[in-house]
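Residue numbers (numbering that gives the first Met the number 0), protein chains in the order written: chain A, 0 to 198; chain B, 0 to 84.
Hints are computed from structural coordinates only; laboratory data are not their basis. Yeah, the Cβ is synthetic: ideal placement off N, Cα and C, and Gly gets one too. Mixed in with the good hints, there may be bad ones.
To be verified - Per label pair, the in silico range of CB-to-CB distance: (1) LEU83(B) to ASN129(A): 37 to 43 Å; (2) THR84(B) to ASP89(A): 29 to 35 Å; (3) ASP89(A) to VAL34(B): 27 to 33 Å; (4) LEU106(A) to LYS2(B): 40 to 46 Å; (5) LEU13(B) to ILE151(A): 29 to 35 Å; (6) SER121(A) to LEU13(B): 32 to 38 Å; (7) ILE9(B) to ARG88(A): 20 to 26 Å; (8) LYS2(B) to SER47(A): 42 to 48 Å; (9) THR30(B) to ILE99(A): 28 to 34 Å; (10) ILE26(A) to LYS29(B): 33 to 39 Å.
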Amino acid sequence: MPPYFSWGDMINSVSKNGPPGDLAIWIFILAEMSVFGVLFAVYAFDRSHQVELFNLSQATLNRASGFINTLILLTSSYFVVRAVSAIKRDDSSACAKWLIGGMLLGLLFMTVKSFEYYEEFSAGISMDTNDFYMFYIALTFFHFLHVLMGLIIFGFILLKVIRGGYSSSDHHGVETGASFWHMVDLLWIILFPLIYVMH
Amino acid sequence: MSKTLTIIWIVLVLLATVSFQIAHLGLINKTVMLVLALITFVKGCLVVNYFMDLRNSHWIWKASIFLYLFVVLGIIAIAYVRALT
């Protein structure tokens, strides 16, 4: 009998070997990434028509802050992945500690970004200044809101971890929150070179 | 496993530092632009495989995110290289 393709087998296989966490969060992740992807592409093509303006405006950004925030988010993601490893070993205490570390770094990211916004807004920069700043503020603020959302999700997960609500056999919630947080990290991995580095 | 994750984190930090240094030195040409896009792609793949832990998931999940990274970074690279010429 020759091998044949069956959509039923394919769907079964995809759902059996699904990604970590809730399937709904992955649909949300793909949707959010698509929105950001379109914005990244529009930014890149708009820039190709106003290269001088984009380069001059980009030079006013605090590149060091962007780099520090990259390190903060990468480290935060690392802490979160260690939290997931800990709960898989039934170590709720270590999971809570790694989660708190990841959340504190998330707060630090927001603090650094807020100082950056404060400097820029004090210098009279706004979304109306030019196309570069419009994209810069829209993209980074949209991302900033995702960091805030991730912290709120982690707040609920942390409470459940502290109460002993997760274990090695039931850690779906921790993986779901972690997947969202890694998406936030992944988006910044593209955002940092696009906004701060490439010129 | 935790040792692997720590190595991945160190590699990600090093790659981010390389990108930052390229910007700091003001090195910009077509090749550098493509190198920056490639570094970003590698960082993305590491996060997807090891942090998001999609290594053991069905290939469709990995392919979706890798395709996303390839297409988005490809579009960005084309737009930037076009602007340089």
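Outcome of the hint check:
no.: 1; hint: LEU83(B) to ASN129(A): 37 to 43 Å; result: violated, 21 Å
no.: 2; hint: THR84(B) to ASP89(A): 29 to 35 Å; result: violated, 58 Å
no.: 3; hint: ASP89(A) to VAL34(B): 27 to 33 Å; result: violated, 44 Å
no.: 4; hint: LEU106(A) to LYS2(B): 40 to 46 Å; result: violated, 28 Å
no.: 5; hint: LEU13(B) to ILE151(A): 29 to 35 Å; result: holds, 32 Å
no.: 6; hint: SER121(A) to LEU13(B): 32 to 38 Å; result: holds, 34 Å
no.: 7; hint: ILE9(B) to ARG88(A): 20 to 26 Å; result: holds, 22 Å
no.: 8; hint: LYS2(B) to SER47(A): 42 to 48 Å; result: holds, 44 Å
no.: 9; hint: THR30(B) to ILE99(A): 28 to 34 Å; result: violated, 43 Å
no.: 10; hint: ILE26(A) to LYS29(B): 33 to 39 Å; result: holds, 37 Å
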